[in-house]
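Visitor: This is what each chain is made of:
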Amino acid sequence: MNEIALLIAATLASGTPLAIAGMGLLLNEKAGVLNLGAEGMMLVAAIAGFAAAFTTGSDTLAFLAGAAAGGLLAAAFGALVIWLNTNQYATGLAVSLFGYGFSAFVGVEFVGKKLAERSAFEVPLLADIPLLGPALFKQHPMVYLAIGLMFALIWFLYRSRAGLVLRAIGESPESAHALGYKVRWIRLGAVIAGGALCGVAGAFLSVVYAPLWVEGLVAGRGWIALALTTFATWRPVRVLLGAYLFGGVTMLQFALQGAGVDVSSQLLAMLPYLATIVVLALISRNPAWIRINMPASLGKSFHPGT
Amino acid sequence: MLMLEARPQPSKAMSAASPLIALALTAVIAALLFLALGKDPMKGLGIFFVEPLNGLRQVSEVLLKATPLIVIALGLAVCYRSNVWNIGAEGQYLLGALAGGGVALWLTTHGIVLPKMIAVPLVLLGGVLGGMAWAAITAVLRDKFNASEILVSLMLVYVAQQLVNYLVFGAWKDPQGFNFPQTKTFDASTWLPTLLTGTRLHVGFLVALAAVALMWVFMFRMFRGFQLQVGGLAPAAARYAGYSASTSLWTAMMISGGLAGLAGAMEAAGPLRQITPHISTGLGFTAIIVCFVGRLHPLGIVFAGVLLSMMLIGGELGQSRLGLPNALTGVFQGLLLVLLLACDTLIHYRIRLRRSHLAPL
Numbered sequence: 001m002n003e004i005a006l007l008i009a010a011t012l013a014s015g016t017p018l019a020i021a022g023m024g025l026l027l028n029e030k031a032g033v034l035n036l037g038a039e040g041m042m043l044v045a046a047i048a049g050f051a052a053a054f055t056t057g058s059d060t061l062a063f064l065a066g067a068a069a070g071g072l073l074a075a076a077f078g079a080l081v082i083w084l085n086t087n088q089y090a091t092g093l094a095v096s097l098f099g100y101g102f103s104a105f106v107g108v109e110f111v112g113k114k115l116a117e118r119s120a121f122e123v124p125l126l127a128d129i130p131l132l133g134p135a136l137f138k139q140h141p142m143v144y145l146a147i148g149l150m151f152a153l154i155w156f157l158y159r160s161r162a163g164l165v166l167r168a169i170g171e172s173p174e175s176a177h178a179l180g181y182k183v184r185w186i187r188l189g190a191v192i193a194g195g196a197l198c199g200v201a202g203a204f205l206s207v208v209y210a211p212l213w214v215e216g217l218v219a220g221r222g223w224i225a226l227a228l229t230t231f232a233t234w235r236p237v238r239v240l241l242g243a244y245l246f247g248g249v250t251m252l253q254f255a256l257q258g259a260g261v262d263v264s265s266q267l268l269a270m271l272p273y274l275a276t277i278v279v280l281a282l283i284s285r286n287p288a289w290i291r292i293n294m295p296a297s298l299g300k301s302f303h304p305g306t
Numbered sequence: 001m002l003m004l005e006a007r008p009q010p011s012k013a014m015s016a017a018s019p020l021i022a023l024a025l026t027a028v029i030a031a032l033l034f035l036a037l038g039k040d041p042m043k044g045l046g047i048f049f050v051e052p053l054n055g056l057r058q059v060s061e062v063l064l065k066a067t068p069l070i071v072i073a074l075g076l077a078v079c080y081r082s083n084v085w086n087i088g089a090e091g092q093y094l095l096g097a098l099a100g101g102g103v104a105l106w107l108t109t110h111g112i113v114l115p116k117m118i119a120v121p122l123v124l125l126g127g128v129l130g131g132m133a134w135a136a137i138t139a140v141l142r143d144k145f146n147a148s149e150i151l152v153s154l155m156l157v158y159v160a161q162q163l164v165n166y167l168v169f170g171a172w173k174d175p176q177g178f179n180f181p182q183t184k185t186f187d188a189s190t191w192l193p194t195l196l197t198g199t200r201l202h203v204g205f206l207v208a209l210a211a212v213a214l215m216w217v218f219m220f221r222m223f224r225g226f227q228l229q230v231g232g233l234a235p236a237a238a239r240y241a242g243y244s245a246s247t248s249l250w251t252a253m254m255i256s257g258g259l260a261g262l263a264g265a266m267e268a269a270g271p272l273r274q275i276t277p278h279i280s281t282g283l284g285f286t287a288i289i290v291c292f293v294g295r296l297h298p299l300g301i302v303f304a305g306v307l308l309s310m311m312l313i314g315g316e317l318g319q320s321r322l323g324l325p326n327a328l329t330g331v332f333q334g335l336l337l338v339l340l341l342a343c344d345t346l347i348h349y350r351i352r353l354r355r356s357h358l359a360p361l
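Protein chains in written order, with the working numbering: chain V, 1 to 306; chain R, 1 to 361.
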């Protein structure tokens, strides 16, 4: 029984960075910007967060450093795709490649360094419930914050005026522009906020989840988070649930190995990536469904008439 | 106030100048970075842009490394021109190395010694088919399931890397290899012949040049190549003309997968002569940069391939001679592509100085 509780706890922890990054990307995409630079932003944030935690010992500073690094890179990405109207696919890819190289370069002196295991936050009373306690209520605070973030995002997107404007820009930047909204600045804001969230996710990986630094630490989670937004048909609740699903698949390989299943570790390590492909194919199968849910201007640049 | 003003026509001159401007800007930032690292910037730049061309041996190494980059980038250029975003060339390269290397390994372990004229083409054919098969997964999922080729092709890179590991740590491991994760050295009959004695430059370089010529013919002289590009530039026009989007997708994916696979087989049977977990050093991703810096044009790709190869070798030299971290190459590569995309704005726009108090006419 205890193993199951630990597996659930590990699933939540491993799904959390995907959820945070996925919600950041959702915010980008709701404003009409496709951010293929997520992997690079998470990597740069991961090393920034790790360096901050390693030198100052403060997790708060680590997450702030991660958010700042992710936001900064996102601002550069945003300036390119929103003002210079560069191709969003190519630019995002460039940012990812740059982020990989830059994080490896900055992180050279941190390779192989380890941080102390982060202590979990035990929810008073609830943590003492047998089974449920260790499974759900002994987690790093960021795990609970990710759930809070989902509610905040739902409120913002569907209950606030600013969220309405953001969604309008994602659906039809021309109409929003005609109504007098500053399409470019609002998009830039969304891109920076999304990048900062990717940054928090990256810092969570290097400071809490790993907790160490190696080159390429993020290992494709930025791309999985991108797949999550499609998988969730651009809805915050489904992003969170999808993230836990992928977290579960990641943990499954360790659980199977622990249970002594005779499958090579390399084949098991393929699982999260194969799962992403399968799920993406199943969800995208119906083009009409994707078209209805996808922000209409996603990936297209906007030129305001002069 | 600086304003961007749309040009009536895209500037051809800027299209050619933009990579040079981006390269110059990268060099300036690189010089600043060397200063920050406490190294002489001129010496640092020399290591990256001059030293790799110093002497025949170095030049042959640059061309050796440029070979897979050029071959992969040629295929990617077809994809990007037809608006198919295959970013998983790395995975197709790995599968090509596995399939081509697998043929060589099978011949070796079974003690079959074929004449080079037969063995080498067999190995390369294996590579092409391996790369195509891997690309076909992405193509099927895009074609039949509408799944984003960007994400699928990229996810398959991670799967391919694990597949390489699975084989070289398992079934394909050399029994006499002191338990190192690597295959046997292939039999000499399967090695690509070298072009110049005393260097590692092999026939693959000529194959790459032939591929450049063929690709030029395909893109600019063949109807199918034209159809693909119409599909990329104006999907609606292509539909109206009755060009099948599905055929374009498959053509682009098969060409790029096959070429990436070919590059993988040429590396396996060329300089490496065995398969190890480190059979790729991110060449499939570097090739994306080669493709864009080369303006998606076969000839441009040759120059860009040599340039990026110089940067890769410069990175190794910088590590051994100046004690610079090898990761610096990755920074410069990424920077080059980001700056290039920014400079490309000048193809469609020009910068105008406009005083804000003047009302627009």
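Worth double-checking, as some hints may not be accurate.
[What the hints assert, rightly or not] Across the chosen pairs, the derived CB separations fall in these ranges: (1) V/Ser-175 <-> R/Ala-241: 28 to 36 angstroms; (2) V/Asn-286 <-> R/Asn-54: 55 to 63 angstroms; (3) V/Arg-291 <-> R/Asn-54: 33 to 41 angstroms.
The hints are simulated quantities; they were obtained by calculation from the structure and are not laboratory data. Note that this is a predicted model, so its numbers are computed, not measured. Beta carbons: idealized from backbone N, C-alpha and C, even for Gly.
Visitor: If a hint holds in the structure, say so; if it doesn't, say that too.
Guide: Cross-check of the supplied hints:
| no. | hint | in the structure |
| --- | --- | --- |
| 1 | V/Ser-175 <-> R/Ala-241: 28 to 36 angstroms | 32 angstroms, holds |
| 2 | V/Asn-286 <-> R/Asn-54: 55 to 63 angstroms | 59 angstroms, holds |
| 3 | V/Arg-291 <-> R/Asn-54: 33 to 41 angstroms | 56 angstroms, violated |
Hint violations for this structure: number 3 only, all remaining hints satisfied.
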